[in-house]
Amino acid sequence: MLEYNDALTIGDVMRYIATEHERTCVLQDNNGKLYGVISQGDLIKAIWNGAELITPINNIINPNPIIINTESKDPEGDTIKLFCQYGVLLVPVVDNNRKIVEVLSVRKIISDKYGN
Amino acid sequence: MKLLFVLGSRGEWGYIRPLIQLAKNSNHDVEIWCANMSVLNRFGKLSEVIKQEGYPVVGEFYTAVDGDDNLALAKSFGLVSLSASDWLMNHDYDWIIVSGDRVEQLAFVVVASLSNNAICHIQAGERSGNIDGKNRHAIARYSHLHMAANTDAADRLIRSGEDPDRVKVTGAPQIDDIVNQQIPTLLELKERTVVSSDKFILSVFHGVTEDLQASKEGIDKLINVLTKIKLPVIWIGSNNDTLGSFIEKKIISSLKINDKFYSNLNRLDYLSLLANCEFIIGNSSSGILEAPTFGKPAVNLGRRQADRFRDVNVIDCEYDEADISVSISKALSVPFKKLCLQSTNPYGNGDSSRKILDVLETTEINSDFLIKQITY
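Residue numbers (the working numbering), protein chains in the order written: chain A, 638 to 753; chain B, 81 to 456.
Simulated from the structure, these hints should not be mistaken for lab results.
Because the structure is a prediction, the values reported are computed rather than measured.
A virtual CB, placed ideally from N, CA and C, is assigned to each residue, including glycine.
One or more of the hints may lead you astray.
From the structure, some residues in chain B lie toward chain A, with a derived Cβ separation under 10 angstroms [what the hints assert, rightly or not]:
(1) N121
(2) L335
(3) F341
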């Protein structure tokens, strides 16, 4: 997870995605609330449209990502369902005020179950 | 006829799209000249979107200047003038068609007038409560034909010195769009996760250039009130003008689990949100112009839409938390909802484009027509 600020650039998010080995970057604000997500696809689209590494990320953040409420009885099962429906690989679990409690990863759920 | 339409923002696209479609269908030669927000990726690059939909975009110009103050808009005025001058030096039209009240429309109309083109202004003569109102009436001085949405606007144009023969009451073409378009159902919006609940509030808030401080406080107050209400809120982001990014950050940080924020939403999805919301709140003209078609209450904040001709659906209120709360209660009350459903839209019933095109087709452009006298 990255904390959102005005100065974050596309290059910062690329570096994060490259080092964290997840294909999506979840952004929180300085109160731990979900601010949005940026996927690898969003970055590719931005570059295709002429953005550079130093371009600020403001315009490519998706502020309405797929999320799971903390009230979910089976967050991991829901994550897999959302992956099947929308192809999302990381799903933030948030309370009613969009405070992030955890971020579930499809890769981790599957490897916990089937990996060695 | 050869027609040039000037496009700067998605709001104007709502005004002119039905007319462009009709003009195309009537075998007129239509061209669209795009500048400002309409060519920016940040706002969904409307010029590209409409090109893909088959509309004839002939020029795309970067004229927006980044910066959160009024001088950025002033500089943008200059860039539109430069680009428009070069364009009109090399292209001839029967009609230049401008719409609404934004600064790029004014800049273009000044250039078109200096180069002796016939100019038609759509959505002419209305009042709006800030710099946009000045722009709209300045555009009128340069225009040869004024398409007024209602008699209130037409009377104002005539009182301000425009020849009554040049003023036509046609309704607002953006209403044609609403009446005649197939808009997505709520179910479709839910399937695409545009909304996540059946009942919601639609909130559209723009920074007001003339009153930065009130806008900054206003968004805080609106957020404070809306976060206390149980209904989810679908927020539509601000334009590329003053305060845009400031407001955006405030809104995103205030979102609750079923709320959404869109800085750019396609027109049909927007109309569906308007058709399905409990009420619309904020300072967008949509609450006044478009909400009556769907019989929806509109809570209108502050001065941005001050004095714009309005239907019974509009509840005006100040940037004051208590006032906003009371207005919301009224908007949600059953008798008020009923009243809104029974009213008709004073901005027209869906045949404006036809009326405008009829006027353009039957107006003879000669030297008498191009030499315009103010009547006072």
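Here is how each hint holds up against the structure:
The restraint placing B:N121 at the interface with chain A holds, with a minimum CB-CB distance near 5 angstroms, inside the 10 angstroms limit. Look at B:L335: its Cβ gets to within about 5 angstroms of chain A, closer than 10 angstroms, so that hint holds up. Hint status for B:F341: holds, given a least beta-carbon distance of 4 angstroms to chain A, under 10 angstroms.
When held up to the earlier numbered hints, the structure conflicts with none and fits them all.
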